[in-house]
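K.L.:
Sequence:
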Amino acid sequence: MLQDDVAIVDAVTGELQRTLQQDVEDEEQKESFVVFAVRPGHNQLVTAGRNLLLRLWDLETFTCLRTIKAHQTPVLSLDFDPSGTLLATGGSDRAVKVFDVDKGFCTHNFRRHSGIVTLVKFHPDPKRLLLVSASDDATVRLWDLYAQAEVACIQDHMSPATSVAFSTDGYTLLSAGRDRVVNVWDLRDHVLRQTVVVHEAIEGLQVVPSSFACAAPHASADGKDIFFVTAGEQGALKLWRLHGKSCQTVATREAESADSAQFAALLLNGPRKELVAVSSDHNLLVFNEELVRTTQIIGYNDDILNLKYIPQADGSPSSQLAVATNSEQIRLLHRETLSCELLSGHTDIVMALAVSPDGRWLVSASKDRTARVWDVATRQCVATCPGHTEALGAIAISQKIAHFSMGAAFFVTGSADKTLKMWSLKPLAPAYAQTQGKKAKAPVALQAKSIATLSAVKAHDKDVNALAVSPNDRLVASASQDKLIKVWSTNDSKSLTLVGTCRGHKRGVWAVEFSPVDQCLASASGDKTVKLWSAKDFSCLKTFEGHTASVLGVQFVCAGMQLMSAGADGLVKLWTIKSNECEATLDHHMDKIWALSVAKDGSEMATGGADSTIHLWRDFTQDEERDAQRERDDKLLKEQELFNCLRNDKLLDAVQLAFELGHPNRLLQILHDLLNGPRHQDYPTLPDAPREKPDFERFEPEQIFSRVVASLSAEQLKTLLGWLVDWNTNAKHTAITQTLLSTILREVPPATLKQVEGMAKTLDALIAYSERHFARIDRMLQKSYIVDFSVVSMKNLLPLGAEDDDGADADADGHVGGKRSRDDPQSSDSSSSDEDDASSDSRTQQQQRKRTRPSKKVAA
Numbered sequence: 001m002l003q004d005d006v007a008i009v010d011a012v013t014g015e016l017q018r019t020l021q022q023d024v025e026d027e028e029q030k031e032s033f034v035v036f037a038v039r040p041g042h043n044q045l046v047t048a049g050r051n052l053l054l055r056l057w058d059l060e061t062f063t064c065l066r067t068i069k070a071h072q073t074p075v076l077s078l079d080f081d082p083s084g085t086l087l088a089t090g091g092s093d094r095a096v097k098v099f100d101v102d103k104g105f106c107t108h109n110f111r112r113h114s115g116i117v118t119l120v121k122f123h124p125d126p127k128r129l130l131l132v133s134a135s136d137d138a139t140v141r142l143w144d145l146y147a148q149a150e151v152a153c154i155q156d157h158m159s160p161a162t163s164v165a166f167s168t169d170g171y172t173l174l175s176a177g178r179d180r181v182v183n184v185w186d187l188r189d190h191v192l193r194q195t196v197v198v199h200e201a202i203e204g205l206q207v208v209p210s211s212f213a214c215a216a217p218h219a220s221a222d223g224k225d226i227f228f229v230t231a232g233e234q235g236a237l238k239l240w241r242l243h244g245k246s247c248q249t250v251a252t253r254e255a256e257s258a259d260s261a262q263f264a265a266l267l268l269n270g271p272r273k274e275l276v277a278v279s280s281d282h283n284l285l286v287f288n289e290e291l292v293r294t295t296q297i298i299g300y301n302d303d304i305l306n307l308k309y310i311p312q313a314d315g316s317p318s319s320q321l322a323v324a325t326n327s328e329q330i331r332l333l334h335r336e337t338l339s340c341e342l343l344s345g346h347t348d349i350v351m352a353l354a355v356s357p358d359g360r361w362l363v364s365a366s367k368d369r370t371a372r373v374w375d376v377a378t379r380q381c382v383a384t385c386p387g388h389t390e391a392l393g394a395i396a397i398s399q400k401i402a403h404f405s406m407g408a409a410f411f412v413t414g415s416a417d418k419t420l421k422m423w424s425l426k427p428l429a430p431a432y433a434q435t436q437g438k439k440a441k442a443p444v445a446l447q448a449k450s451i452a453t454l455s456a457v458k459a460h461d462k463d464v465n466a467l468a469v470s471p472n473d474r475l476v477a478s479a480s481q482d483k484l485i486k487v488w489s490t491n492d493s494k495s496l497t498l499v500g501t502c503r504g505h506k507r508g509v510w511a512v513e514f515s516p517v518d519q520c521l522a523s524a525s526g527d528k529t530v531k532l533w534s535a536k537d538f539s540c541l542k543t544f545e546g547h548t549a550s551v552l553g554v555q556f557v558c559a560g561m562q563l564m565s566a567g568a569d570g571l572v573k574l575w576t577i578k579s580n581e582c583e584a585t586l587d588h589h590m591d592k593i594w595a596l597s598v599a600k601d602g603s604e605m606a607t608g609g610a611d612s613t614i615h616l617w618r619d620f621t622q623d624e625e626r627d628a629q630r631e632r633d634d635k636l637l638k639e640q641e642l643f644n645c646l647r648n649d650k651l652l653d654a655v656q657l658a659f660e661l662g663h664p665n666r667l668l669q670i671l672h673d674l675l676n677g678p679r680h681q682d683y684p685t686l687p688d689a690p691r692e693k694p695d696f697e698r699f700e701p702e703q704i705f706s707r708v709v710a711s712l713s714a715e716q717l718k719t720l721l722g723w724l725v726d727w728n729t730n731a732k733h734t735a736i737t738q739t740l741l742s743t744i745l746r747e748v749p750p751a752t753l754k755q756v757e758g759m760a761k762t763l764d765a766l767i768a769y770s771e772r773h774f775a776r777i778d779r780m781l782q783k784s785y786i787v788d789f790s791v792v793s794m795k796n797l798l799p800l801g802a803e804d805d806d807g808a809d810a811d812a813d814g815h816v817g818g819k820r821s822r823d824d825p826q827s828s829d830s831s832s833s834d835e836d837d838a839s840s841d842s843r844t845q846q847q848q849r850k851r852t853r854p855s856k857k858v859a860a
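Counting in UniProt numbering, the sequence shown runs from 1 upward without gaps.
Just so you know, not all the hints are guaranteed correct.
Simulated DEER-style distance windows between Cβ atoms [stated by the list, open to error]:
#	residue 1	residue 2	range
1	His615	Thr378	25 to 31 Å
2	Ala313	Lys578	31 to 37 Å
3	Thr719	Arg50	45 to 51 Å
4	Arg507	Lys458	19 to 25 Å
5	Ala402	Asp601	17 to 23 Å
6	Ala313	Asp492	56 to 62 Å
7	Asp144	His199	56 to 62 Å
8	Leu637	Arg50	57 to 63 Å
9	Lys578	Leu616	26 to 32 Å
10	Lys578	Pro471	18 to 24 Å
11	His199	Asp314	47 to 53 Å
12	Ala11	Asp348	30 to 36 Å
13	Ser280	His199	16 to 22 Å
14	Ser489	Asp461	17 to 23 Å
No lab work stands behind these hints: they were computed from the structure.
Idealized CB from N, CA, C, for every residue including glycine.
Between the sequences and the hints, there should be enough to build the whole structure, so can you do that?
P.N.:
What follows is the structure, encoded as C-alpha cells:
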C-alpha cells in the first residue's frame, strides 16, 4: 500500500512501476484502499476500500472487472484459497465471509467472533477448504467450508493473534501474537501441542521449507522438522527449528543497528526463496534464503530535511542521492531505479549532509551532537566526530579535489551551540590515494579513524543554519538565525579566521552558497529574499524578491549565471543574476521545501520538503532550443516548397503544405486560384524556375474541391472546419466558404463528421453566418428588380427626343439594364436581337435630328 493506493513495485530493483488509482476527477471522491490480495493463478487483484466495496482489478489493463458489496463496515483482511476461486474477508463488523469471485456472490457468512476480525487465511490444500480467522477477542477459529460450520475455537493466546502459518505437511498450525509466544496446534484433533516462548511481540510468522539455505544445515534425517521464521519488535529475523517437543533458535539475523525499527509484517516469496519484511517506518526489506538482506525499498520518506547528489569520480552523471529525512538513518537513493539503501549509525535525526567533489566521502551532521564520515563505496562509517555540546544543523566539506590526496581536505560543522568546528580529513588521505585512478573490483572496508579538530570558534549569537566552502577552499561562509552571514578564512586548511560579515537580512538566514565562477556568494533568508554578496568587500550586490514565504535554499546554476531558490511557499524559482528577473516558477510541492541540490554537471536538480516527496528536475533548455531551431528550419523548407508549388501552379500540393504550416490566409488564396485561376503576381517568383503545367486545368471546380477534401486527414478536417468558421464571417469569402462547405457535407460521411471534436459548436457558427449571407443575397436580388423597374419608368417620363438621346448615351456608356441582362440568363438571349434593332434605329434618328436641330449658338 502506498498511502491510500496500491503500488506495483519491481521486487528486484525497487522501481515503482504503476499505482492503482481510480479515474475520478474529484480528489475527495477517490476511493481509499484499506487492504488488498493477489489472486493465485490470475493476473488479478482484489482491493477493499473504505466505501465498503470489494473490487476485482485486471493488472494488465488496470481496469475494474467486478464490484462486490461486502460488509457493513470496512474489511480489514483478505485471503484467496489456493485455487483462486474463493475469497475470504474479515471485517470490523465481526463477520467472516466467503465470496465466489467469478460469480460475485457470498457463499458463507460466519458470525461467532465477539471482536473485530483482523486475520483470515485459507489452508494451503485446496481440497480441504479449511479457513482460519483471528479476532481481537484473542481467539483463533477454524471453519469447515464443506460443513459450513466452526470446527474449533482456540483460546490459548493472551492477546490477538497477528499471524498464522501452516506446516508443509498441512497437519500443524502455528499462531503468534503480541503475547510473546508461538502456539503449535495439531489440526487432526485440534489440540495444543506446544507453546514456544519467543521473548518479543511477534508481528509476522512464516514456515519455510527445510531446503532453505539457512535451515538445511539444521535439518534432521527423519525430515520431521518444522522451520519457521519470526519477525517482531526487535527488528530481527529469527529462524526456529521445531522437532518433536523441542524448539530452539538456530539462526538470527540481528538488527543492523540498535535504532532499527521493529517489523510490522513478514511475507514468504516461495518461488524466489525470499522473505519480505515490512518495518514500522514503512520500508520493505527483502532477505534471501540465507536471511541476508538483498534489497530495501523505501515506502515513506517523512520530512525531507536535506539531500545531496553524489557525483561520479569519472565525471559521468550522478546516479545516487544522499537523503536526510526525519530519521536517524541516511538514505542512499538510486536515481534511476528509486531503490534505496540505509546508512545506520546516528542515534538522532540527521539534519545536514555534504559530499566530497569526487563522491568518495559523505559527511553528516545530526542532532546526536556528532558528525560522521561515510565511505560511499562500502556504505561504512569511517569516522565519528564528537565535540559539539548541542545539536548539529550544518556541515560543509572541501571542494578542491587535490586537497583530498594531499591530506589538506577538511570539513566544517555548525551547531546550535553557536560554534564552528573545523575537522581534518588527513587520516583518510592514504585510503583515498590508494583508490585514486584505479577501478577497484570490490570496495575495501576501512577501519574507523579518529579525526582531529583543527579549529573551533564561537561564530554567531544564535543557531548556525548553513555552511558553504568556496571552490578554492580558502573561504568558509556561515549563516545563522542572528541574520548575519560571516566569511572565514581557512588559513591553508589549518584554522578559521573571520574576514568579513554580510549584514542586510531582516530575518534569520537559512542557506548560503558560493558562486562557482565569481567572487560572490548568495544567501536565502526568512525575510523572503535572496541576496547576492561580494566576497571582497562583503557588500550586497543584488536582492531578489518574489517568494511569499521564507526562502530555505539557494543554489547557483548555469555556470553561475542564474540562481535557483526554494521556499516555504512550496515554490522553486529561477533567477537571472544580470537582469534580476525571475525566469520561471516551479510549483509541484505541497509544503515547505527544505532541501535543494543541483547535480555537478548542472543538468539536473532535486528538491525535497515537508510533503515527504522528492522531485527530480531536468534542464530542458538546450533541448527546447534545438527543437525550436529544428522547427524553424523545417518551416523555412516547407515555405520554400510552398512557394515553388505556387510558382509552378501545383496548387493541390500547396494545399497540403498550407495545412502543415498552419497558414489559413494562404490556403484561402490557393482555393480562390483553384476556382478562378492563379494570379502569379501575388506570389514570390523564382526568376529562372521552369513553369510546369498546372494540376487543376483538367478538372471542374466541384472536382477540384472534392480532391482537396478527399486528401484531408481527420485532424486537417477539424482544422479546416475551424478556418471555415472564420472565413464565413467575411462576405468577401462567402462563395469559396459555401462551395467548400457544400463539398465537405457531400463528400465526408456524417459518422466521420460527428467524431470531429467540437462539431456542434462549429455547425452553430456556420449556420448563423450562412443564414445572414443568404438573407443579404436575397435582399440584393430584390433590389436589382427595383433598379430595372425604375429605368423603365423613367423612359416613359422623358420626351421623345430626350428619351432617344438618353437611350443612346446609356447604351454607349453601358446601361445598368445591360448589366442586368448579362447577369440574368433568361433575358440575355431573348432581347439580344431587339437591342441590335433598337440601337440601329436610334442611330438613324440621331442623324436626322442633327440635320434639322439648330445649334446652340443660333438658338441663342
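K.L.:
Now look at each hint and say whether the structure bears it out.
P.N.:
Going down the list of hints, with the structure as the test:
no., hint, in the structure
1, His615 x Thr378: 25 to 31 Å, "30 Å, holds"
2, Ala313 x Lys578: 31 to 37 Å, "34 Å, holds"
3, Thr719 x Arg50: 45 to 51 Å, "47 Å, holds"
4, Arg507 x Lys458: 19 to 25 Å, "22 Å, holds"
5, Ala402 x Asp601: 17 to 23 Å, "20 Å, holds"
6, Ala313 x Asp492: 56 to 62 Å, "25 Å, violated"
7, Asp144 x His199: 56 to 62 Å, "35 Å, violated"
8, Leu637 x Arg50: 57 to 63 Å, "58 Å, holds"
9, Lys578 x Leu616: 26 to 32 Å, "28 Å, holds"
10, Lys578 x Pro471: 18 to 24 Å, "21 Å, holds"
11, His199 x Asp314: 47 to 53 Å, "50 Å, holds"
12, Ala11 x Asp348: 30 to 36 Å, "32 Å, holds"
13, Ser280 x His199: 16 to 22 Å, "19 Å, holds"
14, Ser489 x Asp461: 17 to 23 Å, "21 Å, holds"
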